[in-house]
Amino acid sequence: MIKSAGSASDIDLVARVAGGDKAAIRLLFQRHHARVFRFVVRQTRSETMAEDIANEVFLELWRQAGKFEGRSQVSTWLLGIARYKVLSARRKRTEAELDEDYAANIADDADTPEVQELKRDKANGLRRLIDKLPDQQRMVIDLAYYHAKSVAEIGDILQIPAATVKTRMFYARKSLGQAMAVAGMDRGWP
Amino acid sequence: MSDPMEMTPRDEIEALLPFYLNGTLDGAELARVEAWLETNPGAQSALAALEDEYSASVSANEAIELPNDALGQFGKALEAEAGPAGGGSAVSVLASLWEKLMGAPPALAWGTAVAALALLIVQAVLPVGQPISSFTEAGIETQVKASPYVLVVFAPGSDIADITSLLTETGASLGDGPKPGGIYQVNLPVKDLDAYDALSAKLAAAPIVVQVISGKKPIDTK
Chain L
1 MIKSAGSASD IDLVARVAGG DKAAIRLLFQ RHHARVFRFV VRQTRSETMA
51 EDIANEVFLE LWRQAGKFEG RSQVSTWLLG IARYKVLSAR RKRTEAELDE
101 DYAANIADDA DTPEVQELKR DKANGLRRLI DKLPDQQRMV IDLAYYHAKS
151 VAEIGDILQI PAATVKTRMF YARKSLGQAM AVAGMDRGWP
Chain Y
1 MSDPMEMTPR DEIEALLPFY LNGTLDGAEL ARVEAWLETN PGAQSALAAL
51 EDEYSASVSA NEAIELPNDA LGQFGKALEA EAGPAGGGSA VSVLASLWEK
101 LMGAPPALAW GTAVAALALL IVQAVLPVGQ PISSFTEAGI ETQVKASPYV
151 LVVFAPGSDI ADITSLLTET GASLGDGPKP GGIYQVNLPV KDLDAYDALS
201 AKLAAAPIVV QVISGKKPID TK
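Those sequence lines, one after another, are chains L and Y. The first sequence maps to residues 1 to 190 in the numbering used here. The second sequence maps to residues 1 to 222 in the numbering used here.
Just so you know, the hints here were simulated from the structure itself, not pulled from any lab data. Owing to the predicted nature of the structure, the values given are computational and were not obtained by experimental measurement. Among the hints, a few may not be true.
[Said to hold, decoys possible] When the alpha-carbon atoms are kept at most 25 Å apart in a straight line, the in silico BS3-like pairs for lysine-lysine are as follows:
1) L:Lys-132 x L:Lys-119
2) L:Lys-122 x Y:Lys-76
3) L:Lys-132 x L:Lys-122
4) L:Lys-119 x L:Lys-174
5) Y:Lys-191 x L:Lys-119
6) L:Lys-67 x Y:Lys-76
7) L:Lys-22 x L:Lys-67
8) Y:Lys-191 x Y:Lys-202
9) L:Lys-122 x Y:Lys-202
10) L:Lys-174 x L:Lys-122
11) L:Lys-174 x L:Lys-132
12) Y:Lys-191 x L:Lys-22
Modelling step: build the complete structure from the supplied sequences, incorporating the hints.
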């Protein structure tokens, strides 16, 4: 891979942040803010809330840089902090506002709006189905595909066992496959 | 707390396939998935389903617009937390620009089967330290934020002149790369799915292209 003379690894930059290097944390922000922000938006459905939480994630990095041991990727660590911040923010909200499960079930046998969309436009329909997955399943889908995280890394971020990561992935993909089948697109599974 | 349920062997494979796709599977699980893909008649449709899900997840995430002046806002928060500006070593403007070029698009680390076909073209062909292409800062943000793209694996030994010629002929441009596995993001100047599919097929038919993987597709407004 091409590297410029001035590039530094994430771990190098975290070490510099631990020494009070603001330029280093700004560079880490430029590298990782987009993914952290989008990860939070996908959970909170609020870009305003995500802006605040994303800033808090990097401020937490500023405070905790000296404690980072380098056993995970910096990106994994940041997403783990983001997940913690989202859960903390949710606990501060009233019971009436809480709705962690944005969709109970997507298509089983019914010709729902999501299935109808799938018939018209597979790409957008599938995107809409993923959006409608329960929060726990959608996060595993996004962390695997968009964030390219391993089973172990997803377990670290979400603080769940590896077996649970695979189970949630199974349920998510099964839901998507069933909806595709109802729309007449048989993928051979489930 | 683990979920108490039983998965069939096929179910277990389907749960692992996304991690095969992103290149993070290893050891016994990787061997198991590879063996299944080699021998199972459902492998092709399973991989096609993965590609669809990957595209949908990526496009859903990339559709989320980033806040304006996020770095500026964070800078203010940092000053409030840490005190007045200053301190630490300076990061060169060139390094900062380079990191913006490499920062935004998601990485895809493909499985070992594809990785075995890829070559780090940069090592073989491009002069060390030469940027893949030139962008203004504004051009980087616009291109990274909006453009449909595919992921391309070029044939071993592909000359930069041949790659440039192909891109010129198709109107495409290199957006990022090489990522792990020698994969390049190629941005496509298309506005609808038909054009996207046609240009993807044209790239795939080129002699210097080993594989084209769907990435971000345009939203079909028909």
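Hints and how they fare:
1. L:Lys-132 x L:Lys-119: holds, 17 Å
2. L:Lys-122 x Y:Lys-76: violated, 43 Å
3. L:Lys-132 x L:Lys-122: holds, 15 Å
4. L:Lys-119 x L:Lys-174: holds, 18 Å
5. Y:Lys-191 x L:Lys-119: Judged against 25 Å, a Cα distance of about 21 Å means the pair holds.
6. L:Lys-67 x Y:Lys-76: holds, 24 Å
7. L:Lys-22 x L:Lys-67: Roughly 17 Å separates the two Cα atoms, so the pair holds.
8. Y:Lys-191 x Y:Lys-202: holds, 16 Å
9. L:Lys-122 x Y:Lys-202: holds, 22 Å
10. L:Lys-174 x L:Lys-122: The given pair, whose Cα atoms are some 17 Å apart, holds under the 25 Å limit.
11. L:Lys-174 x L:Lys-132: holds, 14 Å
12. Y:Lys-191 x L:Lys-22: Status violated; Cα separation ~40 Å.
Of the hints listed earlier, those the structure fails to meet are numbers 2, 12, in rising order.
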